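**Student:** Sequence:
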Amino acid sequence: MQQVYVYDAVRTPFAKMGGGLAKVRPDDLAATVITKLLERYPNLDQTKIDDVVFGNANGAGEENRNVARMATLLAGLPASIPGVTVNRLCGSSLDAAFHASYSIGAGDNNLVITGGTESMSRAPYVVPKPERAYPAGNSQMVSTTLGWRLVNPKMPAEYTVSLGEATEQLVDKYDVSRERMDEFAALSHQRAHAAWEAGHYDNLVVAVDDVARDETIRPDSTPETLSGLRTVFRKEDGTVTAGNASPMNDGAGVVLMGSEAAADTLGADPLVRVVSRGAAANEPQYFGEAPVPAANLALERAGITWDQVGAIELNEAFAAQVLVNLDSWGIALDDERVNAWGGAIALGHPLGASGSRVLGTLARRLKAENRRWGVAALCVGVGQGVAMVVENEDATE
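Counting from 1, one number per residue, gives the positions in the sequence shown under the numbering used here.
Each hint should be verified, as a subset may be incorrect.
What the hints assert, rightly or not - EDC-like, lysine to aspartate or glutamate: derived pairs with alpha carbons at most 16 Å apart:
no.: 1; residue 1: K367; residue 2: E397
no.: 2; residue 1: K23; residue 2: D209
no.: 3; residue 1: K367; residue 2: D327
no.: 4; residue 1: K367; residue 2: D394
no.: 5; residue 1: K16; residue 2: D209
Hints listed in this document are in silico derivations from the structure and should not be mistaken for laboratory results. In this text the structure is predicted, and so the values were computed from the model without any measurement.
The whole structure should be built from the sequences, with the hints applied where relevant.
**Tutor:** If you want it as structure tokens, here you go:
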């Protein structure tokens, strides 16, 4: 087995649904980040790229079934470079990095572009075909933007509740307070704004059209202002609001991965080494728990403990989910290791692209902060979690 490295990462700004990227197709978003990435390597013989692996959670519309292949062609790469799309919902683009690391580690590939793309604005409506010919009744359009669709009637009803209601059930199970949720959400916005102002995203984010920054950051958010927002999924005893949950977004990202020999191919040094991976699952309605066993498994495989981890990038689908995860790991809400440059509550969560964001940000943070060990993790709808441990081999801490 050969070692696997992350060499670079680029993403678009994450725009709000219906915002500045709403007119850009998801395959064009993907092609844009591939193009911007390769502009950094003008001397690269592009035929040396062995594969393109993208994550995408929708796949029902302009992704045209296999958005990785579409983006490769739209970006003008040689037609000889293959592409494959994977779908683990919110964890799709971290799963794409899993797949690349498997093939590189096995020696099958040397250089792979991984990433993810999602346009929640442009997610289509679908109409099921009728069971019989010439139906006389009406047909119903189903939105593919988020959550369950065309559910099999055999699926247990407790599994198929909405993501928001599932999070309320998680709150009930772990007794998470609204106050803590709003406190964490405000911190996400404040950290994201500070990171942009400090220039941390200058080398990570590339402008698309007139959109240069993430659109959903609210730097004036405080626990007090967030506490005034109404609950969305339960009117009487609810806790989940638009302020302590991630928004719906459009965006794309790429992570360039390769073997040790890829350094010569690229003429660049790697950022971090991929050490281990973990995937786990539990009951679908408790999807927010699943990063806990996934990350614990990845840490076990890496042979390290949470005390040794210097940076954590945990996707913030909901503040309640983050708090359940951190509490399980014995990590404080305001621990500076966690999402120090903001998280999805502020930056946004374009489903299939979020894994590339957390991995790319983690790699850059480890370098900037001179930390050795990092963990990237995401919860996944329908009760799954994914995590990856990486190492900054240059760290002197």
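**Student:** With reference to the structure, classify each hint as holding or not holding.
**Tutor:** The hints, checked one at a time:
This hinted pair checks out: K367 and E397 have alpha carbons roughly 11 Å apart, not beyond 16 Å. The suggested pairing of K23 with D209 holds, with an alpha-carbon distance near 10 Å, which does not exceed 16 Å. Using a Cα cut-off of 16 Å, the hinted pair K367 and D327 is violated, with the two alpha carbons roughly 27 Å apart. At most 16 Å may separate the alpha-carbon atoms for a hinted pair to count; K367 and D394 meet this at roughly 8 Å.
Of the supplied pair hints, the one linking K16 and D209 holds, its CA atoms being roughly 15 Å apart against a limit of 16 Å.
Hint 3 alone, counting from the list given before, is not met by this structure.
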